[in-house]
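Start from chain A and add chain B according to the hints.
Next come the chains, spelled out residue by residue.
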Amino acid sequence: DQQVKQNSPSLSVQEGRISILNCDYTNSMFDYFLWYKKYPAEGPTFLISISSIKDKNEDGRFTVFLNKSAKHLSLHIVPSQPGDSAVYFCAASAPGGGADGLTFGKGTHLIIQP
Amino acid sequence: GAVVSQHPSWVICKSGTSVKIECRSLDFQATTMFWYRQFPKQSLMLMATSNEGSKATYEQGVEKDKFLINHASLTLSTLTVTSAHPEDSSFYICSASRPRQNNQPQHFGDGTRLSIL
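Chains as they are written, first to last, in the numbering used here: chain A, -8 to 105; chain B, 1108 to 1224.
Treat the hints with care, since some could be wrong.
Computed Cβ-Cβ distance ranges for the label pairs, DEER-style [said to hold, decoys possible]:
1. A/3 x B/1192: 36 to 42 angstroms
2. B/1172 x A/22: 31 to 37 angstroms
3. A/20 x B/1158: 17 to 23 angstroms
4. A/45 x B/1224: 46 to 52 angstroms
5. B/1222 x A/-4: 27 to 33 angstroms
6. A/49 x B/1166: 30 to 36 angstroms
7. A/-4 x B/1205: 26 to 32 angstroms
8. B/1167 x A/22: 36 to 42 angstroms
9. A/102 x B/1194: 29 to 35 angstroms
10. A/31 x B/1179: 46 to 52 angstroms
11. A/52 x B/1124: 43 to 49 angstroms
12. B/1220 x A/72: 23 to 29 angstroms
13. B/1179 x A/6: 43 to 49 angstroms
Derived from the structure by calculation, the hints contain no laboratory data. Every residue, glycine too, gets a C-beta built ideally from N, C-alpha and C.
With the rest of the complex left out, here is chain A:
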């Protein structure tokens, strides 16, 4: 029973446009959400995170939005660049003082087309 869901296995976006990746969760105990980027045969690279006390966090081209009532978060990348092509994982954790592992979605493969 997946607690973190990324319903789009892949997404194709034109270079320069906005990429929007979506994530839904079911566990209301989650209080910290993260987005990771992953290339084949490499570990995930941390991109951006958001605490449940916020509804938006921005870092350069990356913005994460959190809608707690809908249990939904999204990652916006603007403008999209060819180097953004990768698999993006949404992850969540519950309160645990750092002692809890992350629960991941299945990932969305973002393809940026020139």
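Chain B in isolation, oriented as in the chain A frame:
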């Protein structure tokens, strides 16, 4: 730069062999590290939480006798896949986070591709 180092990156071995994977935090002390496993086109699944100086905590369905975890120091955790079989072939990834004060992200190693023949 990398904050978590994982070694080896790729292992091919015969069925029945035991394989040890090392995970090191490079610039901070990690009292807790995590081990994940990823099958092709699937999400990363938490296998166990490695606690420095105490026993690891395993997720449901993960055999503790099969996947031995040792966290002997604040910068090193090891995962040993004992008597590996072809079904153990997978991508194993470790992570660590700086001591949590105000939500710290986990940083991941580059993973180990394990192939059992």
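Consistency of the hints with the structure:
no., hint, result
1, A/3 x B/1192: 36 to 42 angstroms, "holds, 39 angstroms"
2, B/1172 x A/22: 31 to 37 angstroms, "holds, 34 angstroms"
3, A/20 x B/1158: 17 to 23 angstroms, "holds, 21 angstroms"
4, A/45 x B/1224: 46 to 52 angstroms, "holds, 49 angstroms"
5, B/1222 x A/-4: 27 to 33 angstroms, "holds, 30 angstroms"
6, A/49 x B/1166: 30 to 36 angstroms, "holds, 34 angstroms"
7, A/-4 x B/1205: 26 to 32 angstroms, "holds, 28 angstroms"
8, B/1167 x A/22: 36 to 42 angstroms, "violated, 22 angstroms"
9, A/102 x B/1194: 29 to 35 angstroms, "holds, 32 angstroms"
10, A/31 x B/1179: 46 to 52 angstroms, "violated, 32 angstroms"
11, A/52 x B/1124: 43 to 49 angstroms, "holds, 45 angstroms"
12, B/1220 x A/72: 23 to 29 angstroms, "holds, 28 angstroms"
13, B/1179 x A/6: 43 to 49 angstroms, "holds, 48 angstroms"
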